Amino acid sequence: MWFVRFLTSSIGKKLVMASSGLLLFLFLCTHAAGNATIFMSSKVFQSYADELHSHPLIVLVFSLSLLAIFLVHIGVGLYLFNENRAVSTSRYAVSTRVVKNSLASQTMPYTGLFILLFLVVHIFGFTFSPKTVPISVTVKELLGNFFYALFYILAFAALFLHLSHGFWSMLQTFGVNHPRYNEFIARLTLVFPLFFFAIFAGIAFYFMTGLGANY
Amino acid sequence: MDMSSINLTLKIWRQANSDALGGLETYNLDGIHTDMSFLEMLDVLNEKLTKEGKDPVAFDHDCREGICGMCGAVVNGVAHGPEKETTLCQLHMRHFKSGDTLVIEPFRSRAFPVRKDLLVDRSALDRIIQAGGYVSVNTGGAPDANGLPIASQQAELAMDAAACIGCGACVASCPNGAAMLFTSAKISQLALLPQGQVERKQRALAMVAQMDVEGFGNCTNARECEAVCPKGISIRNIARLNREYLKAVLSEG
Numbered sequence: 001m002w003f004v005r006f007l008t009s010s011i012g013k014k015l016v017m018a019s020s021g022l023l024l025f026l027f028l029c030t031h032a033a034g035n036a037t038i039f040m041s042s043k044v045f046q047s048y049a050d051e052l053h054s055h056p057l058i059v060l061v062f063s064l065s066l067l068a069i070f071l072v073h074i075g076v077g078l079y080l081f082n083e084n085r086a087v088s089t090s091r092y093a094v095s096t097r098v099v100k101n102s103l104a105s106q107t108m109p110y111t112g113l114f115i116l117l118f119l120v121v122h123i124f125g126f127t128f129s130p131k132t133v134p135i136s137v138t139v140k141e142l143l144g145n146f147f148y149a150l151f152y153i154l155a156f157a158a159l160f161l162h163l164s165h166g167f168w169s170m171l172q173t174f175g176v177n178h179p180r181y182n183e184f185i186a187r188l189t190l191v192f193p194l195f196f197f198a199i200f201a202g203i204a205f206y207f208m209t210g211l212g213a214n215y
Numbered sequence: 001m002d003m004s005s006i007n008l009t010l011k012i013w014r015q016a017n018s019d020a021l022g023g024l025e026t027y028n029l030d031g032i033h034t035d036m037s038f039l040e041m042l043d044v045l046n047e048k049l050t051k052e053g054k055d056p057v058a059f060d061h062d063c064r065e066g067i068c069g070m071c072g073a074v075v076n077g078v079a080h081g082p083e084k085e086t087t088l089c090q091l092h093m094r095h096f097k098s099g100d101t102l103v104i105e106p107f108r109s110r111a112f113p114v115r116k117d118l119l120v121d122r123s124a125l126d127r128i129i130q131a132g133g134y135v136s137v138n139t140g141g142a143p144d145a146n147g148l149p150i151a152s153q154q155a156e157l158a159m160d161a162a163a164c165i166g167c168g169a170c171v172a173s174c175p176n177g178a179a180m181l182f183t184s185a186k187i188s189q190l191a192l193l194p195q196g197q198v199e200r201k202q203r204a205l206a207m208v209a210q211m212d213v214e215g216f217g218n219c220t221n222a223r224e225c226e227a228v229c230p231k232g233i234s235i236r237n238i239a240r241l242n243r244e245y246l247k248a249v250l251s252e253g
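In order, the protein sequences belong to chains A and B. Take the first sequence: its position 190, counted from the start at 1, is 190 in our numbering, and no numbers get skipped. Take the second sequence: its position 234, counted from the start at 1, is 234 in our numbering, and no numbers get skipped.
It is possible that some hints are incorrect.
[Unchecked claim] Calculated pairs, DSSO-like style, for lysine-lysine (alpha carbon to alpha carbon, straight line, at most 27 Å):
1. B:231 with B:97
2. B:247 with A:13
3. A:100 with B:84
4. A:100 with B:231
5. B:201 with A:13
6. B:247 with A:100
To be clear, the hints were calculated from the coordinates, so they are not data collected in a lab. Since the model is a prediction, treat every value here as computed from it, not as a measurement.
With the hints as extra help, turn the sequences into a complete structure.
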């Protein structure tokens, strides 16, 4: 069947990674937009969260879809990591990378796994936090802890590195590569990860330093 | 003419056959003229080894002018050595200094079994071509040269892809041993021209399937292939291959 052939081919698996990556990128955009309200005040953030959770069906459908997308991205990613490791270990006595700034592409599986660890901590900290405590209070409490916030900032640094290869790589896999746009794409591959880092790590920093404690 | 010479320490991968365990052996080679090519340097070593009654180093080579795709080895971790867009035969010893240690290893991939020393079996690339890297013209005389208009831009892009000599440096340098740059060049040169349209989708599916069967790795967009390609093949061709494959898998048949 064509679908099975597609999913088991090397390019098919790459396209699954790129497609799920794109959906996760779009999720990050909405999550960043929602969370950024906390910079206005905890009250605004709380009303955003209350509004969101007043539509339980939407939250349920989106959560389950997001879970599925994550599982696909992580599952296929780990499968590819394992496949590639089988062919790449100790091939040469001397191996030299010719491409400069290849740190991000070399560390994709590791930054990915670190983000997965963060996800587990994040979901247990916030998604499954006691319903009796308002979420804005939970944010202040958890991110007010220096080490908790530091872990968050490190995770967002890993996300930055992951996306600084992932965003370009996704477009390349979709077949988007044209001399007219490559310069622009290269800039976006820096701007988007920086944007997410600024918002997400910014929030962690905001509460870690106590700046946001009284707003 | 200044014929300066250099002294080198060579660490070369020696392996008796596909089943034997190989290892690096060290040779000291003095008085190498800097105007020699890398292969001529190996010739000098082999003459010396032969005179000493030892087994010369086996390596592939043919035209020695950078167009046949037969030669190639990994020099200090870089396929075809340190010069950009240069095959091993066109790499000259003037790019090295006296006292340098050169580690010379065969092009490695799961799909490239080592036959002897630096000589690897690259027939997996031939089988990818056989799977669909052709156009079927079963009848008729030679068509009129101007009968089939081709835009200059298309012809140029097709020629850029057709510059691939199939040496396998892309595979050797890829962290995953993938043959995507090679396959994408072979698919692009036909997909860009009108003659290649009839079998376009079938070709993309068959060549990618063969590439996977041969045991090449997956592309992770590490870009090492285009960095070492002696013919400067761009990964824009890989993007084209991804498009070709997606279109074909969604609509062929």
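Each hint, compared with the structure:
{"no.": "1", "hint": "B:231 with B:97", "verdict": "holds (26 Å)"}
{"no.": "2", "hint": "B:247 with A:13", "verdict": "holds (15 Å)"}
{"no.": "3", "hint": "A:100 with B:84", "verdict": "holds (14 Å)"}
{"no.": "4", "hint": "A:100 with B:231", "verdict": "holds (20 Å)"}
{"no.": "5", "hint": "B:201 with A:13", "verdict": "holds (19 Å)"}
{"no.": "6", "hint": "B:247 with A:100", "verdict": "violated (33 Å)"}
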